[in-house]
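K.L.:
Those sequence lines, one after another, are chains A and B. Quick note: the first sequence uses numbering that gives the first Met the number 0, first residue 0, plus one each step. Quick note: the second sequence uses numbering that gives the first Met the number 0, first residue 0, plus one each step.
Treat the hints as calculated values from the structure; they're not laboratory data. Wrong hints could be hidden among the right ones.
[To be verified] A few chain B residues that face chain A, going by a derived Cβ cut-off under 10 Å, partial list only:
no., residue
1, TYR76
2, THR158
3, HIS315
4, GLY331
Ideal placement from N, C-alpha and C gives every residue a C-beta, glycine not left out.
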Amino acid sequence: MTTTPEGIERESQLLDRVTIRFAGDSGDGMQLTGTQFTRTAAVFGNDISTFPDYPAEIRAPAGSLPGVSGFQISFSASDIHTPGDAPDVLVAMNPAALKTNLPDLPAGGAVIVNADAFTPSNLSKAAYASNPLTDDSLKAYRVFEVPIGTLNARALEGLDMTSKQVDLTKNFFALGLMFWLYERSMDPTTTWIDQKFGSRPVIAEANKRALSAGYAFGETTEMFHTTYRVPKAKLAPGTYRNITGNEATALGFLAAAQAAKRDLFYGSYPITPATDILQQLAGYKSFGVRTFQAEDEIAAMGSTIGAAYGGALALTGTSGPGLALKSEAMGLAVMTELPMVIVDVQRAGPSTGLPTKVEQADLLQVLYGRNGESPMPVLAPATPAECFTLAIEASRIALKYMTPVAYLSDAFVGNGAEPWKVPDVADLPDISVPNAVKGEGTFLPYGRDPETLSRPWAIPGTPGLEHRIGGLEKLDGLGTVNYEAENHHRMTVLRAAKIAGIAKDIPPLETFGVDEGELLILGWGSTYGAIRSATELMLADGRSVAHAHLRYLNPFPANTGEVLTRYRTVLVPELNLGQLWFVIRGTYLVDAVGYGRVRGKPFRIAEIVAEAERLLAERGVTR
Amino acid sequence: MTEMTAGPAPVDGGLIKLTRKDFVADAEVRWCPGCGDYSILAQTQKVMPDFGVPRENIVFISGIGCSGRLPYYMNTYGFHSIHGRAPTLATGLKTARPDLMVWVITGDGDALSIGGNHFLHSMRRNVDFTMIMHNNRIYGLTKGQTSPTSEFGKRTKSTPMGSVDRPMMPLTLALAAESTFVARTVDTHTEHLARTLEAAGRHRGASFIEVLQNCNIFNDGAWRDFTERDVRDDRMLLLEHGKPLIYGKDRDKGIRLNGLHPEVVTIGEDGVTEADLLVHDQHAEDPYLALILSRMFWPEYPVPVGIFRQVDRPTHSDLVDAQIEAAIAKSGPGDLRKALMAGETWTVE
Numbered sequence: 000m001t002t003t004p005e006g007i008e009r010e011s012q013l014l015d016r017v018t019i020r021f022a023g024d025s026g027d028g029m030q031l032t033g034t035q036f037t038r039t040a041a042v043f044g045n046d047i048s049t050f051p052d053y054p055a056e057i058r059a060p061a062g063s064l065p066g067v068s069g070f071q072i073s074f075s076a077s078d079i080h081t082p083g084d085a086p087d088v089l090v091a092m093n094p095a096a097l098k099t100n101l102p103d104l105p106a107g108g109a110v111i112v113n114a115d116a117f118t119p120s121n122l123s124k125a126a127y128a129s130n131p132l133t134d135d136s137l138k139a140y141r142v143f144e145v146p147i148g149t150l151n152a153r154a155l156e157g158l159d160m161t162s163k164q165v166d167l168t169k170n171f172f173a174l175g176l177m178f179w180l181y182e183r184s185m186d187p188t189t190t191w192i193d194q195k196f197g198s199r200p201v202i203a204e205a206n207k208r209a210l211s212a213g214y215a216f217g218e219t220t221e222m223f224h225t226t227y228r229v230p231k232a233k234l235a236p237g238t239y240r241n242i243t244g245n246e247a248t249a250l251g252f253l254a255a256a257q258a259a260k261r262d263l264f265y266g267s268y269p270i271t272p273a274t275d276i277l278q279q280l281a282g283y284k285s286f287g288v289r290t291f292q293a294e295d296e297i298a299a300m301g302s303t304i305g306a307a308y309g310g311a312l313a314l315t316g317t318s319g320p321g322l323a324l325k326s327e328a329m330g331l332a333v334m335t336e337l338p339m340v341i342v343d344v345q346r347a348g349p350s351t352g353l354p355t356k357v358e359q360a361d362l363l364q365v366l367y368g369r370n371g372e373s374p375m376p377v378l379a380p381a382t383p384a385e386c387f388t389l390a391i392e393a394s395r396i397a398l399k400y401m402t403p404v405a406y407l408s409d410a411f412v413g414n415g416a417e418p419w420k421v422p423d424v425a426d427l428p429d430i431s432v433p434n435a436v437k438g439e440g441t442f443l444p445y446g447r448d449p450e451t452l453s454r455p456w457a458i459p460g461t462p463g464l465e466h467r468i469g470g471l472e473k474l475d476g477l478g479t480v481n482y483e484a485e486n487h488h489r490m491t492v493l494r495a496a497k498i499a500g501i502a503k504d505i506p507p508l509e510t511f512g513v514d515e516g517e518l519l520i521l522g523w524g525s526t527y528g529a530i531r532s533a534t535e536l537m538l539a540d541g542r543s544v545a546h547a548h549l550r551y552l553n554p555f556p557a558n559t560g561e562v563l564t565r566y567r568t569v570l571v572p573e574l575n576l577g578q579l580w581f582v583i584r585g586t587y588l589v590d591a592v593g594y595g596r597v598r599g600k601p602f603r604i605a606e607i608v609a610e611a612e613r614l615l616a617e618r619g620v621t622r
Numbered sequence: 000m001t002e003m004t005a006g007p008a009p010v011d012g013g014l015i016k017l018t019r020k021d022f023v024a025d026a027e028v029r030w031c032p033g034c035g036d037y038s039i040l041a042q043t044q045k046v047m048p049d050f051g052v053p054r055e056n057i058v059f060i061s062g063i064g065c066s067g068r069l070p071y072y073m074n075t076y077g078f079h080s081i082h083g084r085a086p087t088l089a090t091g092l093k094t095a096r097p098d099l100m101v102w103v104i105t106g107d108g109d110a111l112s113i114g115g116n117h118f119l120h121s122m123r124r125n126v127d128f129t130m131i132m133h134n135n136r137i138y139g140l141t142k143g144q145t146s147p148t149s150e151f152g153k154r155t156k157s158t159p160m161g162s163v164d165r166p167m168m169p170l171t172l173a174l175a176a177e178s179t180f181v182a183r184t185v186d187t188h189t190e191h192l193a194r195t196l197e198a199a200g201r202h203r204g205a206s207f208i209e210v211l212q213n214c215n216i217f218n219d220g221a222w223r224d225f226t227e228r229d230v231r232d233d234r235m236l237l238l239e240h241g242k243p244l245i246y247g248k249d250r251d252k253g254i255r256l257n258g259l260h261p262e263v264v265t266i267g268e269d270g271v272t273e274a275d276l277l278v279h280d281q282h283a284e285d286p287y288l289a290l291i292l293s294r295m296f297w298p299e300y301p302v303p304v305g306i307f308r309q310v311d312r313p314t315h316s317d318l319v320d321a322q323i324e325a326a327i328a329k330s331g332p333g334d335l336r337k338a339l340m341a342g343e344t345w346t347v348e
């Protein structure tokens, strides 16, 4: 316990992990506030995990319930896998933010509200019959009412700004207060403000004043009696940065192009939540990166095929609705056996669905959503940082096997952030493949490498290899148009065998937890963190449980069937109604149990634990 | 401005001269006997050596429809893609490989119906390829349904009481989409067809050629009313840069502008002289004259053939490459290590 110069008694409490949720109007800058807190925590050395959750509307009516934007960050002194099931602290900038987020706050949790925003008009927009700050409905929580708007306006007095401009900086007041409460330095954010608003000194000054005012308010008010310290996490030695999945995907492809010694082409059409990748790659022109914003999703896919035909490392990115439009051209890519990667940052569907919310319901679309027998490898990153390595891996498979590859990210893994140990460029794998050159005898555009079954990549400009390809079935070897029954059967089987054979060239499925026993929790994609944390909790509780996570959805790792047999029960949690579950049952004749949730949100750890325990109890597994 | 800008550089200073036969693939041509596509193929193969571009640097990309088979018959690189999407493949290919000479083969349904969006956008981007649109005003490969250029009221298998859709004007569309080379020719007018192909192939930028083509099976005589030998002089107008718009067997008919409307006049009648006629300017920076010409059609007007518009604009890949060069000039070649380390980093000992 210390006493401040103002005579306030304070203590500093040590915590292992804290989860904060910033919530406000979509115009309140909550994503920026959350991102700034994330950077500060990451640079400090915490392990972090974030969950940005924003509405599809750019500016829904101010103060309305659909307009609420949230950003949850969990930062920790130990290894964490998720942004936290529930916040410890909720920062609510208006009544709508309080109303939509309060149900997630456990009893006893802290709420810091911008008291200025609790006006009759805002209360009515949030459908509050009475003011929750005065009607005792919040008595289960620790409520801190801070007149953020008023205090912030006072701190900015004298600056040449409109009152609206002043109001826009109040998120930084809240951020400053949180920095004080969690004993964080303001320096990273101050540096960022200077870089961002360097050319607009008044705006820079305003944001810095807002930040400092929030910090100073914490220091001088008698409202808070405790500040909190979350020490550094024990991460492996190395240089780290904070990274989102979409950033890691873009960087992974940039690295893949270098590792493949080819120019990168990215043809794409803007679509939430995949647009970041296009924007980031567009900034890498000095690497010779060619980005193409196509007129539509189909053109994006067609241009990618054209660039692949020309010898580039060709990529496209989209989300579910865009993938549906690309399907016919994806079939052409399968038929012409050209290498490319198709990124799908999945979002909730069907149709336009919930454009900014997570779902994993495009798995069957990429596996089976094309006409004809159209096999395509499918990979899915489990965490934001893993997007980097898997982008390179997807490129490697595409090039080595001359095939389009689907890369299934999602809104949670794409927008979420975590610390990333920056790899050494010298450690990048060599994934280069040669172009075909003229040899002896007749050129066979559909001749196959005996090991990989891939066909030669004969790019235009190569003398003596002039040939014609296309969507019509081709004669095995010679590649001329061919309609014969036996040839079509043979080519169909060859295309399937080529993709199935990739199983020999990918890592086996690993398990975490018991090697054999009662329960295997089998997941894929962004559910990794919740499943891993649930498994850790259950193992600590002495349960016979393991977690296996598939990065390769087609083909499955060669040992998948064997792994499944080592456990009495297999539980498959997914953010869909049972797509991997369906494929696993069909492929391995295993009586796996599905657990699907489609609420536009990632799994909570507790949900997985509860379902796993329910299942174990149902199977008569006692403690 | 030069009449024709240079295409890709010839090998060995142009010493290797290929012939038409070098461009004939060994695939058996499978169009219906009498199809206008034979003529388009033959003239394409004929002009190809004139560009001095090595065979391996030439790519033909097609969509779906009878025209889509053409790449199989060209002994170059070829890609028979899917319906309407050939311009998208060509755009990706040219962006990645500006060194290649790319031809897009399409039809009226492929380019204007299912691929209408790609047609417009590849033109406005000035992607450096030549699009040859075989226009037979019918869906031939599916055996005779109405197409986007079919006449209003046309009876086809899918429109037994007549089409209720008005036809598109392909050249007007190409001009509206900012195409930098717009031309029309006829399958049976082989010499003009070859000349037009040659001019389009030498143009840098998005070139669009509408070839009026006959489908003798499902739409025989598609353009007969004005293309037949005995009537064509009086019903067609050959556009020549810098020359007045004169036509007719006796070279006595012409086009003059009356307000915003073109008007057919006879030289020597009502005091009309050659000086009153519109003079063709295919290099005009603004597209107004070309747009007026693109709307003229039989029977109200003679049907213009030739180059409606040809202007110089930077191509799509010129601009893409210039940005890459500018980025490198500004900050040096990309350094992956720096890109990975962008933003704030921290070190754990």
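K.L.:
Please check whether THR158(B) passes as an interface residue: C-beta within 10 Å of a C-beta belonging to chain A.
P.N.:
violated (26 Å)
K.L.:
Interface hint check: GLY331(B), Cβ to nearest Cβ on chain A, cutoff 10 Å. Holds or violated?
P.N.:
At 7 Å from the nearest chain A Cβ, GLY331(B) passes the 10 Å test, so the hint holds.
K.L.:
Interface hint check: HIS315(B), Cβ to nearest Cβ on chain A, cutoff 10 Å. Holds or violated?
P.N.:
holds (9 Å)
K.L.:
Grab the minimum C-beta distance from TYR76(B) to chain A and call the hint holds if it beats 10 Å, violated otherwise.
P.N.:
holds (4 Å)
Of the numbered hints given earlier, the model fails hint 2 alone.
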